Amino acid sequence: MNRDDADDRSVPLVERDSDALLFRRAAETLTAARFLRDVQRVAADLPEADHCLNLCQDRYAFTVALAAAGLRGQVSLLSSDRSPASLAGLQARFERVVAVSDTPGADLPPHHHVLALRNDPVAAAPPNPVLPADRLIAIVFTSGSTGAPVGYRKTWGALTERSIAAGLRFGMLASAPAGIVGTVPPQHMYGFETTVLLPLHAMAATWSGPAFYPIDIRDALAAMPAPRVLVTTPLQIRALLDNGMALPPLQAVISATAPLDPALAETAERCWSAPVLEIFGATEVGSIASRRTVAGSAWTTYDGIRLLPAGTDQVLVATPHAEPHPLADRLEALSPTEFRLLGRNADMVKLGGRRASLGGLNAILLSLPGVQDGVFIAPDDLDQRPGARLLAFAVAPDVSSEDILSALRERIEPVFLPRRVIRLGALPRNEAGKIPRAALLELLARDAALR
Amino acid sequence: MPPSDLEQDVARLIVESLQLEVDPADIDPDAPLFRTGLGLDSIDALELALAISRRYGIELRADDEQNGKIFGSLRLLAGYIDTHRK
Chain A
1 MNRDDADDRS VPLVERDSDA LLFRRAAETL TAARFLRDVQ RVAADLPEAD
51 HCLNLCQDRY AFTVALAAAG LRGQVSLLSS DRSPASLAGL QARFERVVAV
101 SDTPGADLPP HHHVLALRND PVAAAPPNPV LPADRLIAIV FTSGSTGAPV
151 GYRKTWGALT ERSIAAGLRF GMLASAPAGI VGTVPPQHMY GFETTVLLPL
201 HAMAATWSGP AFYPIDIRDA LAAMPAPRVL VTTPLQIRAL LDNGMALPPL
251 QAVISATAPL DPALAETAER CWSAPVLEIF GATEVGSIAS RRTVAGSAWT
301 TYDGIRLLPA GTDQVLVATP HAEPHPLADR LEALSPTEFR LLGRNADMVK
351 LGGRRASLGG LNAILLSLPG VQDGVFIAPD DLDQRPGARL LAFAVAPDVS
401 SEDILSALRE RIEPVFLPRR VIRLGALPRN EAGKIPRAAL LELLARDAAL
451 R
Chain B
452 MPPSDLEQDV ARLIVESLQL EVDPADIDPD APLFRTGLGL DSIDALELAL
502 AISRRYGIEL RADDEQNGKI FGSLRLLAGY IDTHRK
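As given, the protein sequences belong to chains A and B, one line each in that order.
Numbering of the first sequence is given in the working numbering, commencing with residue 1 and proceeding in unit increments.
Numbering of the second sequence is given in the working numbering, commencing with residue 452 and proceeding in unit increments.
Isolated chain A, as found in the complex:
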């Protein structure tokens, strides 16, 4: 970061009126005053630590824990991979980690703290703490190219600035607060920005409870005040439309994590009489642009975000107060604030809102005892077909496919597990030791013909 760009501002925790609704959970209205009171209490209760592994599933509890940790100078670790191996890995990699959860459970890591939020009236107006903009608030994890999760550091100033830009883009600075129902976990960068940070700095309130299946989503929307905004994924949009359940009136639907099929967007707009908008982002840089899917393929960046050309099909994203950052996606800049997606880097696969590197998955496969050679393959229609998953081919004369699969299960996230592990005598590697894509596709075709 340039010295000139140093972020020396201070930003309040909440920029809403004290009686403003921030979250709703069943019949409970969780106001800014209640939030600030709970943050103060939890900050006093948190054990001594440097890092807070936030496992809360309830969005209000998650946000209270995040803010309380921030006040205490504890950096929140956010990972949507909750497998025991992954959580243990994070606890081993970082100094003095305490896991914080809203529910007690046998699957919590050994050093943990369970939040005790009490539903008593707020007495006096609690203080609204001001945090330095350069305070490191969270490290958000995504799968890395070596198979180990890579963390991206998020400061309070950068997070709030983006949240305000998103509020502006989606009209959430108007007088009537939007009622947001989000279906993505708060630990995922998209869910974090839209359902946790927006209520603190934009005119929005978030449904706090679970919303995953169609009936959860319908009931949550019904519990939220209008204008209602559904923040979700292409998979859930498709599930809602297939299910055919009537939803309360929507002001907008926002989708991210995977490209939305324009035909699906058109159907959704027709059925729900609301615009369907897409957010483009990545864990590294957060949300940076949006588009209305039916209006065309060009994306427009949020206010304050510019694209810098950086070689063929590559751009750097310039955001205030941070070094320009490269993106994993290939894209064509149409102007400094508009772009078109050209497709993903061939090594990257995305499933269920999670990203993984095929190279990283291959490295994990090759590290298994008894596996002499191996490769993961992504079918071409991975993005479009809900049942589509990765496949793996392995050269492993003395280990069964089932054993390979159960060893992988301990090491990689469920959505990236191969549906099948097919054992072979040898992989079709060329002189350079690489497996050409054509040879992989031939393997797939041969496998399909045998079934």
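Hints are computed from structural coordinates only; laboratory data are not their basis.
All figures in this text were calculated on a predicted structure; none of them were measured in a lab.
Heads up, some of the hints might be wrong.
What the hints assert, rightly or not - A few chain A residues that face chain B, going by a derived Cβ cut-off under 7 Å, partial list only:
1. 213
2. 242
3. 244
4. 414
5. 415
Unchecked claim - Here are some of the chain A residues that sit facing chain B, going by a computed Cβ distance under 8 Å:
6. 212
7. 215
8. 235
Stated by the list, open to error - Label pairs and their computed distance ranges (CB to CB):
9. 284(A) with 477(B): 49 to 59 Å
10. 332(A) with 460(B): 45 to 55 Å
11. 295(A) with 476(B): 46 to 56 Å
We treat Cβ as the ideally placed atom computed from N, Cα and C, and that holds for glycine.
Given the coordinates of chain A, assemble chain B onto it according to the supplied hints.
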């Protein structure tokens, strides 16, 4: 305990709707459906919920899933469907 008719029906529904490569009769009625056992994931959960809604007219809820009432095993899932269907 041998699988009930409903358990066998649900097993077939799981295999068909998720295009799994197993024989429905081979699904252990007491094994977890997610992670271990059949190794299903969140995308499967949504797909399976749709299939269950279509076949039995029952909507799965995240609350019940988190309480382990739904995907704990084939037997639990069939029991949930049996209790909730009209």
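Verification of the hints:
1. Look at residue 213(A): its Cβ gets to within about 5 Å of chain B, closer than 7 Å, so that hint holds up.
2. This hint holds: residue 242(A) has a C-beta 5 Å from the nearest C-beta of chain B, less than the 7 Å allowed.
3. Because the closest C-beta pair between residue 244(A) and chain B is about 9 Å apart, greater than 7 Å, the hint is violated.
4. With a cut of 7 Å, the hint placing residue 414(A) at the interface with chain B holds, because the nearest CB-to-CB distance is about 4 Å.
5. About 5 Å separates the beta-carbon of residue 415(A) from the nearest beta-carbon of chain B, less than 7 Å, and the hint is met.
6. Contact between residue 212(A) and chain B, as hinted, is supported at the beta carbon level, the nearest pair being about 4 Å apart and thus within 8 Å.
7. A distance limit of 8 Å between C-beta atoms decides the matter here; for residue 215(A) the minimum to chain B is near 4 Å, and the interface restraint holds.
8. The interface hint given for residue 235(A) holds, since its Cβ lies 6 Å from the closest Cβ of chain B, which is under the 8 Å cut-off.
9. Taking the beta carbon of each, residue 284(A) and residue 477(B) are about 43 Å apart, not inside 49 to 59 Å as hinted.
10. The given range of 45 to 55 Å is respected by residue 332(A) and residue 460(B), whose C-beta atoms sit roughly 51 Å from each other.
11. The supplied range of 46 to 56 Å is met by residue 295(A) and residue 476(B), whose beta-carbon atoms lie about 50 Å from each other.
Checked against the numbered hints given earlier, this structure breaks hints 3, 9; the rest are met.
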